[in-house]
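Enquirer: Going down the list, the protein sequences come from chains U and C.
All residue numbers for the first sequence refer to the numbering used here, where the first residue is 123 and numbers rise by one.
All residue numbers for the second sequence refer to the numbering used here, where the first residue is 796 and numbers rise by one.
Don't take each hint at face value.
[Claimed, not checked] Pulled a few chain C residues facing chain U out of the computed Cβ check, cut under 8 Å:
{"id": "1", "residue": "His829"}
{"id": "2", "residue": "Arg830"}
{"id": "3", "residue": "Gly840"}
{"id": "4", "residue": "Gly841"}
{"id": "5", "residue": "Val878"}
{"id": "6", "residue": "Pro884"}
{"id": "7", "residue": "Asn918"}
{"id": "8", "residue": "Leu1001"}
{"id": "9", "residue": "Phe1004"}
{"id": "10", "residue": "Asn1005"}
Just so you know, these hints were derived from the structure itself, not from any lab.
We treat Cβ as the ideally placed atom computed from N, Cα and C, and that holds for glycine.
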Amino acid sequence: MTIVPAIKRDYICKLAKQGKRVDGRKFDEFRKIEIETNVVSKAEGSARVKIGNTQVLTGIKMDVGEPYPDSPESGVLTTAAELIPLASPDFEAGPPQQDAIELARVVDRGVRESEVIELDKLCLEPGEKVWIVFVDIHILDYDGNLFDAASLASLAALITASVPASRFELGEDYPLPLNEPPISCTSVKFDDFVVIDPSLDEEEIADARLTVATDENGDIRAMQKGLNGSFTKEEIQKVIKASLDNGREIRKQLSEKTGK
Amino acid sequence: MKSDKKLIDDAGKRLDGRGPEELRKIKIEVGVLHRASGSCYLEWGGNKVMVAVYGPREAIPRHTQNLLRAIVNARYNMAAFSVEDRKRPGPDRRSKEISKVISEALEKVILTEQFPRASIDVNIEVLDAEAGTRCAGLTAAGVALADAGIPMKDIPVACSAGKIEGRVVLDLGKEEDNLGDADLPIAISPRTNEILLLQMDGHLTLEEFNKALDFAIKGCNAVSEIQKKAILDKYQSVEVVE
Chain U
123 MTIVPAIKRD YICKLAKQGK RVDGRKFDEF RKIEIETNVV SKAEGSARVK
173 IGNTQVLTGI KMDVGEPYPD SPESGVLTTA AELIPLASPD FEAGPPQQDA
223 IELARVVDRG VRESEVIELD KLCLEPGEKV WIVFVDIHIL DYDGNLFDAA
273 SLASLAALIT ASVPASRFEL GEDYPLPLNE PPISCTSVKF DDFVVIDPSL
323 DEEEIADARL TVATDENGDI RAMQKGLNGS FTKEEIQKVI KASLDNGREI
373 RKQLSEKTGK
Chain C
796 MKSDKKLIDD AGKRLDGRGP EELRKIKIEV GVLHRASGSC YLEWGGNKVM
846 VAVYGPREAI PRHTQNLLRA IVNARYNMAA FSVEDRKRPG PDRRSKEISK
896 VISEALEKVI LTEQFPRASI DVNIEVLDAE AGTRCAGLTA AGVALADAGI
946 PMKDIPVACS AGKIEGRVVL DLGKEEDNLG DADLPIAISP RTNEILLLQM
996 DGHLTLEEFN KALDFAIKGC NAVSEIQKKA ILDKYQSVEV VE
């Protein structure tokens, strides 16, 4: 891990006291988001998402395989994230470490629990053959807030994915059956300041982190707190409000970019 | 390999409409990543490759350090979604071999003696694969090294030639690679035409080999111009502060 000099922390906190952030954003303002879909022709669906300098590419592959014994009539979802050494001087090659596993699991849960993919429609022969959906998340450039970038890239890739039925001689390709996805927004707290969409500098000095996923009705669909700091009730309400406001904008951009 | 598919039509055109000495379309972007010392995104036909260079930095673990010069670590990796059937993430024997031959090729042009005990890490990610990924990766690595300001004798470049239906052609495409008779990927230092990497599989007569090698060197020189143009496009407009 990088050793964060106390100087950097002082500087960020001093700015925050004046109501400013290092990159000039407001506390409840996201960096610029860019979504690009269908970037990998070999994948069933793919998307590259940039949040500021952070860049994530997700590719969807599908295969026919056996269902889990406890859910014989539903398709299988597998999510994997790779913090490849391309993305940061601190990432090392090798099997996925804790951070990559947490990232993959948070994205997986967001997709699975809110039933974004209609897995029951991906059954071919109950107990025998179902579609397996592989969501592979590649971090290309790491400048903070991987959770939101990875989940947005995965959603955009899923929305534009088509089931490769013709390759398996199972009829014509068709779009992956999906429900309206929740959008996740992450905030961090350092000293008594709470900011949304942390850059790497802010993430490195953060005491606590909170991810809130909201749906199109403005309801909360998932939350995850991280790190060893704490939030007050008021802070949590502020985070939820900022997540709702930003989530609405991101949802609009996502549907414009994917045409759905 | 047996196949009924015609790879070259009667007019001498290949499946994708190219002539025998024609390259696929190549697009190079320089400096696309924020964290890396140098980076390059390259599209070569259907191949899409991203390269990031880190270093020179202290080589870790220590026992890999060389007291007299830097070590060059190229790491070629294919994304799980880059191929038709999902590839299991992580290095396999093929990617380890490719990493090794690319590292050795790059080492030849980098002035490694300037950085004792250091490592120069070249991460090559294949995002979309369609025959010729090692050439695409090495070519992008050359650009990313230049972008990182690593001192080099030359910007290395790679290209392949091969044989399909008994004819020598430049830069094999996907089906030509699968159904063709031979593939000869090479990398050169374009100022001197020294060969930095050479692999061959298939079956070539001596005469065919010489022709294929000439084709590939010519191809390398053409790709080298595209590399240089991409780097100039990025940097020639930068104002020099006196």
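Enquirer: Could you run down the list of hints and mark each one as holding or not?
Expert: Going down the list of hints, with the structure as the test:
{"no.": "1", "hint": "His829", "verdict": "holds, 4 Å"}
{"no.": "2", "hint": "Arg830", "verdict": "holds, 5 Å"}
{"no.": "3", "hint": "Gly840", "verdict": "violated, 11 Å"}
{"no.": "4", "hint": "Gly841", "verdict": "holds, 6 Å"}
{"no.": "5", "hint": "Val878", "verdict": "holds, 6 Å"}
{"no.": "6", "hint": "Pro884", "verdict": "holds, 6 Å"}
{"no.": "7", "hint": "Asn918", "verdict": "holds, 4 Å"}
{"no.": "8", "hint": "Leu1001", "verdict": "violated, 37 Å"}
{"no.": "9", "hint": "Phe1004", "verdict": "violated, 32 Å"}
{"no.": "10", "hint": "Asn1005", "verdict": "violated, 35 Å"}
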